[in-house]
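Numbers 0 to 330, taken from numbering that gives the first Met the number 0, label the letters of the sequence shown in order.
Hints are supplied without guarantee of correctness; some may be wrong.
The calculated lysine to aspartate or glutamate pairs, modelled on EDC-like cross-linking and capped at a C-alpha distance of 20 Å, are [what the hints assert, rightly or not]:
| # | residue 1 | residue 2 |
| --- | --- | --- |
| 1 | Lys253 | Glu283 |
| 2 | Lys253 | Glu221 |
| 3 | Lys253 | Asp282 |
| 4 | Lys253 | Asp15 |
| 5 | Lys253 | Glu317 |
| 6 | Lys253 | Asp142 |
| 7 | Lys253 | Asp193 |
It should be emphasised that the hints constitute simulated quantities derived from the structure, not laboratory data.
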Amino acid sequence: MFAAIVGIASHTLSPDEAALFRARPPAGVILFGRNVGDPDQLRVLCAALREVLPPGAVIAVDQEGGRVARLRPPGWRAHPPAAAIGGLHQRDPAAGERAAYLTGALIGLDCAASGLDMACAPVLDLRIDSASDVIGDRSYGSDPRDVAALAKCMAAGLMAAGVLPVGKHAPGHGRAQVDSHHALPVIPAGVSLDDDIEAFTLCSALPWMMTAHLLYERIDAERPGTLSPAVIGGVIRERIGFAGVLVSDDLAMKALDGEPWALAAAALAAGCDIALHCSGVLDESRSVLSAVPSIGAACAARMTAARAAVAGRRTSLEAEALAVERGLLLA
């Protein structure tokens with residue numbers, strides 16, 4: 000399989016998309032609201048994807064809870080934003096950690112029932128009140144130890160349901176003054192990242208992490224994190240100690256300039272294991288898959304280890320009982 004995860008255009012897999020995935024099989028596909036109708040439709044779509052994707056490829060979705068959720072009522076449960084769980088944790092740490100676990104488990108059960116095996120969550124970014132609200136209530140809070148504790152609980156819930164978690168956005172997106180979907184945030188050299196990095200360090204055992212499209216001037220004044228060997232090698236791999244699968248954030252975001260294929264190649268050259276391109280535009284997906292190599296031995300080993308970690312944590316869960324318990328905690 001090739002070192003990219005790409006999007007698709009609509010509620011069904013088109014013949015052209017299927018042909019591309021057979022010819023240049025990606026490491027996975029990520030689904031968005033444009034791909035999600037109702038539970039029956041999503042199960043059919045995921046089954047069709049499985050028929051053309053190679054063994055070991057992922058089918059992913061952004062499903063954090065709160066405003067970042069592709070599976071929504073009435074077909075699926077609503078889930079609270081991280082900030083609500085963080086607020087509970089401030090009042091009652093044990094209750095907050097349990098609510099984070101239950102939310103991960105319930106999101107995981109929703110995903111697994113549909114045929115999805117990866118949820119791009121939890122968010123490890125800190126909440127910085129003076130920053131853009133692109134993170135905002137997606138964060139568990141401003142204390143890195145609290146954020147890490149809750150993120151680990153959510154990830155444990157996802158894995159209990161058999162779903163791969165993805166910690167994001169390393170080494171920290173919370174200080175961004177602009178939304179990286181629209182422009183490149185710059186973190187000035189005088190700003191300390193110690194607290195941001197601490198949250199990721201405490202969660203370094205997660206099986207997957209996602210990079211951030213921010214320019215961290217203290218680390219690399221020329222290249223955004225996703226494209227920076229100094230950020231990926233020096234901070235994410237060495238200082239944070241992350242040894243799992245590292246995927247870029249969406250290379251179609253406006254924070255980055257360049258052709259999709261060139262950005263994918265640059266992300267991999269900087270040290271990402273897998274390039275993520277989410278537009279679902281067929282020509283863009285084709286260009287990305289044509290530009291990236293097959294996944295290497297190190298990435299393959301990391302992906303296998305991630306699968307094994309989830310298999311070892313999977314357990315029997317009863318969704319209705321978990322939902323009732325969470326409702327009581329958050330009431």
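Status of the hints after comparison with the structure:
Between the alpha carbons of Lys253 and Glu283 the distance comes to roughly 15 Å, so the proposed pair stays at or under 20 Å and holds. For a cut-off of 20 Å, the pair hint linking Lys253 to Glu221 stands: about 17 Å separates their Cα positions. The suggested pairing of Lys253 with Asp282 holds, with an alpha-carbon distance near 18 Å, which does not exceed 20 Å. This hinted pair does not check out: Lys253 and Asp15 have alpha carbons roughly 27 Å apart, beyond 20 Å.
Only pairs whose Cα atoms come within 20 Å are accepted, and Lys253 paired with Glu317 is rejected, the gap being roughly 41 Å. This hinted pair does not check out: Lys253 and Asp142 have alpha carbons roughly 29 Å apart, beyond 20 Å. With a C-alpha separation of about 27 Å, the suggested pairing of Lys253 with Asp193 is violated against the 20 Å cut-off.
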